[in-house]
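Protein chains: 2
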Amino acid sequence: MEPTELVERLRRGERRALARLLTRVEDGSEDVLRDVVRLIHPHTGGSRLVGITGSPGVGKSTLTNALVREWRGRGCRVAVLAVDPSSPFSGGALLGDRVRMQDHALDDGVFIRSMASRGHLGGLSWATPQALLVLDAGGFDIVVVETVGVGQAEVEIASLADTTVVTVAPGMGDAIQAAKAGILEVADVFCVNKADRDGADRTVRELRDMQHLAAPGEDAEPGWDVPIRKTVAADGRGVAELADAIGAHHGWLVEHGVLDRRRLDRARVQLRELALGVVRGRFAAIGDGDLVATLARKVADRAVDPYTAADELVASLG
Amino acid sequence: MEPTELVERLRRGERRALARLLTRVEDGSEDVLRDVVRLIHPHTGGSRLVGITGSPGVGKSTLTNALVREWRGRGCRVAVLAVDPSSPFSGGALLGDRVRMQDHALDDGVFIRSMASRGHLGGLSWATPQALLVLDAGGFDIVVVETVGVGQAEVEIASLADTTVVTVAPGMGDAIQAAKAGILEVADVFCVNKADRDGADRTVRELRDMQHLAAPGEDAEPGWDVPIRKTVAADGRGVAELADAIGAHHGWLVEHGVLDRRRLDRARVQLRELALGVVRGRFAAIGDGDLVATLARKVADRAVDPYTAADELVASLG
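Read top to bottom, the protein sequences are chains A and W. Be aware that the first sequence starts at 1, since it is given in the numbering used here, and climbs by one per residue. Be aware that the second sequence starts at 1, since it is given in the numbering used here, and climbs by one per residue.
Think of the hints as simulated: they come from the structure by calculation, not from any bench. Among the clues, some could well be false.
Restraint-style ranges between C-beta atoms, simulated for each label pair [what the hints assert, rightly or not]:
#1 W:ASP311 / A:GLY57: 39 to 47 Å
#2 A:GLY277 / W:PRO56: 34 to 42 Å
#3 A:LEU264 / W:PRO56: 55 to 63 Å
#4 A:SER316 / W:THR294: 23 to 31 Å
#5 W:TRP224 / A:GLY171: 53 to 61 Å
#6 A:GLY57 / W:GLY171: 54 to 62 Å
Capping the alpha-carbon separation at 25 Å, the derived lysine to any residue pairs in SDA-like fashion look like this [stated by the list, open to error]:
#7 A:LYS298 / W:PRO3
#8 A:LYS298 / W:THR4
#9 W:LYS298 / A:GLY45
Short derived list, chain W residues pointing at chain A, Cβ under 10 Å [stated by the list, open to error]:
#10 ARG34
#11 GLN130
#12 ARG208
#13 MET210
#14 LEU264
#15 LEU276
#16 ALA284
#17 LYS298
#18 ALA310
Built from N, CA and C at the ideal position, the CB exists for glycine as well.
Starting from the given sequences, assemble the full structure and let the hints guide the process.
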């Protein structure tokens, strides 16, 4: 099916069109990504993007499921993109989707999709931002991006999401790990899940202490006190309060013009990344072409120095 | 001192000028690198570049020292650049230099320098190629680049060196590790050091078996059988034969026109890397400039899609 038709069907709310577009984005070449993004981009920007992150074992899937239920109860349409950077295979991810979807199988207002990372520099799959655009264009009120692990990938998520929820569990030393990984700085909301376990209050205290210790970074938003919410996602305790905190952050973002600034920053970062990708692609395309060969010959013969040759190569891109 | 004068003094064989240029290259900004490389590049290409790599503990430093002694006995001037990707500090490296230099302290035909990796993507220091150019311009017959570890950094070294010596020790499972890390493919000469230990012959057999198992990669040079040499670097046994093997490989490179092709390939790769660096630098320079801000605004407002904006940004570089 032509991308144009797929996007039209996506706009009409057809789930199969949504699934197929995601598959194209995930498997597609740079050209496919371009085509799809060009078509859907005008229809994006309407969803609230919520990032949910934390180490394996803190109960992120259960928490996400519980949040989805809560948001559905409030009448929101919700999509979830679960990115698993540890798995190079999508088979497991697909099976996981089926299990996770059981709760919402008959609910047309919920869409859940897992995406295996391609392990691009160990970070987020490079197609993640584009997949989020597809879900955004799908007309969901809330789009959740969930990742496994604590590290660079989670910092990258924060740069994609409007609101980032950092999830920890009691007694896992997670607060410390999160601090080390630079996750504290990106949290808009903290969630201490499995809060019926021993040590939940201690974990809350640790997080609070570290918040006070952490020097406010350049990115710190003055005026937003990062709330800490306790949940027991398995039975739903505290989930409504967590959803409230996420909603309150969104409200704060909008009221203070921070949402616009964050999305502008994101656009700027994405622009540079894509432009570098374009350049890399052109260099690959002109790979053994005349100009590179000629310049390399001159450099090897010491007729021109490498920097001057590089300048010439860059100038040829214009 | 002006770079021009430093380079003149380098050409006259002044060791202090050499040391100072290396410091500038190591600590310097992109602009400094450019200046230095532009001045020295016409004087490079005369040195044989030998890479020595292998896991920690195989005795690379001792082996390098022994090779230096051997080459000195044959009347060659030798420089060594030891890159330690594991150390973010140069203090240890400097101390190490003094210890290593003791053997050659009064010898004007030997220059040894350690360089701490900046941990750029965990690989080689990005200034390594430029530092090698400085040593090359210093008029040494042989320039050795030595790295610690088995991994991506070693593969990168192979792309810088004319001849890559992969060093293993008996009973360390190194042959297997090297195979996993893709090091076998980049070896021009194998050295089994500490060959007085049990298991040396077994390690030789393992290497030979893996050579036969390994499908010849795209980069394989037909016609060169990678030799395996046993050494006991601590007392000098086998070092002359290893030096012979390295020399034989160089002779083969020259006779078959492979040296020229390799250096051309290297120039091509370096050209693209530098050009990407130039682009990245320009993007950073125009950081908050009008064009990026305008384009990001348009993307955030959905007036233009990110790919089209990226194309405009790239076009502006010409």
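Outcome of the hint check:
no.: 1; hint: W:ASP311 / A:GLY57: 39 to 47 Å; result: holds (44 Å)
no.: 2; hint: A:GLY277 / W:PRO56: 34 to 42 Å; result: holds (36 Å)
no.: 3; hint: A:LEU264 / W:PRO56: 55 to 63 Å; result: violated (47 Å)
no.: 4; hint: A:SER316 / W:THR294: 23 to 31 Å; result: holds (25 Å)
no.: 5; hint: W:TRP224 / A:GLY171: 53 to 61 Å; result: holds (58 Å)
no.: 6; hint: A:GLY57 / W:GLY171: 54 to 62 Å; result: violated (38 Å)
no.: 7; hint: A:LYS298 / W:PRO3; result: holds (23 Å)
no.: 8; hint: A:LYS298 / W:THR4; result: holds (22 Å)
no.: 9; hint: W:LYS298 / A:GLY45; result: holds (13 Å)
no.: 10; hint: ARG34; result: holds (5 Å)
no.: 11; hint: GLN130; result: holds (9 Å)
no.: 12; hint: ARG208; result: violated (32 Å)
no.: 13; hint: MET210; result: violated (25 Å)
no.: 14; hint: LEU264; result: holds (5 Å)
no.: 15; hint: LEU276; result: holds (6 Å)
no.: 16; hint: ALA284; result: holds (8 Å)
no.: 17; hint: LYS298; result: holds (8 Å)
no.: 18; hint: ALA310; result: holds (4 Å)
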